[in-house]
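Peer 1: Sequence:
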Amino acid sequence: MLTRVREGRGMYNNNSAIARSSVLTGLKVYYYILVALVYRFCGCFAQVVMVNSTWTSNHISALWGCSPLLVHPPCDTTALQDLPLERAGGGEEGCYVVSVAQFRPEKDHRAQLRAWALARRHAKVLGSRLKVVGGVRNDGDAARLEALRQYAAELGVQDQIDFCVGVQHLELKRLLGGAVAGLHTMLDEHFGISVVEYMAAGAVPIAHASGGPKADIVIPETVTSAGGVASRERTGFLASSDEEYAKAIEDALDMNPSQRLRMAGAARQRSQRFSTEAFMKGFIAALKPAFHG
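Numbering (this note's numbering), first residue to last: 331 to 623.
Do not rely on the hints blindly, as some may be mistaken.
[Said to hold, decoys possible] Each pair of labels, with its calculated beta carbon distance range:
#1 492 x 376: 40 to 48 Å
#2 608 x 423: 28 to 36 Å
#3 397 x 368: 18 to 26 Å
#4 371 x 483: 44 to 52 Å
[Unchecked claim] Calculated lysine-lysine pairs in the DSS-like style (CA-CA distance at most 27 Å, straight line):
#5 503 x 544
#6 611 x 577
#7 544 x 611
#8 454 x 577
#9 577 x 544
Since the hints were made in silico from the structure, they are not lab data. Glycine included, each C-beta is placed from N, C-alpha and C at the ideal position.
Sequences and hints are given; from them, build the entire structure.
Peer 2: This is the structure we're talking about:
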């Protein structure tokens with residue numbers, strides 16, 4: 331974040347008025363440096379430092395000068411693991427991509443709409459839909475949702491976008507179980523539980539090439555065939571620009587059933603590394619030194 335402020339990049343957490351002003355940018359940089367120093371001082375008193383991803387580990391190591399213990403958060407995907415990996419795509423809803431995230435600025439739903447608009451050049455995308463699933467917590471979220479509807483209309487994709495607001499658990503499971511792919515566009519997310527849920531449900535992830543998704547989640551998985559042959563298989567797609575996302579959407583929808591099943595199977599196997607059981611083992615192992623000296 332400090333680097334982005336120094337470079338004058340306007341974002342949801344760096345107002346464009348500040349980004350355009352060298353004076354305000356300088357003041358904000360000094361403020362962030364002060365906060366970082368206080369943050370590091372507080373960290374010196376911790377007996378055990380746990381982080382939830384490799385990206386966060388690197389971040390804390392640089393700020394605190396320590397070697398934190400990596401314990402991925404618990405992702406209870408038991409119910410999703412039972413969903414079929416195959417995708418019919420010919421039902422009432424047809425072929426679709428799903429996005430699951432609250433309607434918050436950092437989730438960058440606008441990037442999803444721009445990518446979809448670009449991907450429409452591909453015939454397969456023209457016959458598909460994007461289902462944007464999220465919750466509205468307050469008036470701010472409601473205003474962002476309405477702005478997204480208007481933005482979809484400006485881009486000319488409103489007829490292909492379904493905004494699914496406040497869906498219940500069973501409906502969410504059904505949507506995940508029918509999706510060909512799952513879309514994630516948040517920059518520098520520390521972990522990315524929604525990406526793990528996509529993978530567990532059999533929806534091939536298309537995630538932001540940063541943070542936890544890039545470092546720990548959407549990486550090749552070793553899969554052993556019935557004949558005992560091991561191979562490294564892709565578990566999804568990573569992207570950062572609108573064009574990269576559009577290409578990933580096109581590729582995900584263009585895979586034949588065999589290719590998609592192979593990637594979805596590897597992704598589901600990968601998701602099992604982030605189970606509640608794995609978290610409990612890692613958490614207890616990390617705390618043992620603090621209790622036993």
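Peer 1: Taking the Cβ atom of residue 608 and the Cβ atom of residue 423, is their distance within the range 28 to 36 Å?
Peer 2: holds (34 Å)
Peer 1: Note whether the CB distance of residue 492 and residue 376 lies within 40 to 48 Å or breaks it.
Peer 2: The hint (40 to 48 Å, Cβ to Cβ) holds, given that residue 492 and residue 376 are roughly 45 Å apart.
Peer 1: Is the straight-line distance between the alpha-carbon of residue 577 and that of residue 544 27 Å or less?
Peer 2: holds (17 Å)
Peer 1: Decide if the proposed pair is consistent with the structure: residue 544 and residue 611, CA atoms, cutoff 27 Å inclusive.
Peer 2: Holds - the C-alpha atoms of residue 611 and residue 544 are around 24 Å apart, at most 27 Å.
Peer 1: Checking one constraint from the list: CA of residue 454 to CA of residue 577, max 27 Å. Satisfied?
Peer 2: holds (12 Å)
Peer 1: Does the structure keep residue 611 and residue 577 at a Cα separation of 27 Å or less?
Peer 2: violated (39 Å)
Peer 1: Can you let me know if the beta-carbon spacing of residue 397 and residue 368 is within 18 to 26 Å?
Peer 2: holds (21 Å)
Peer 1: Starting from residue 503, check that the Cα of residue 544 is at most 27 Å away, please.
Peer 2: holds (24 Å)
Peer 1: Would you say the C-beta atoms of residue 371 and residue 483 sit inside 44 to 52 Å of each other?
Peer 2: holds (50 Å)
The structure fails hint 6 only (numbered hints given earlier).
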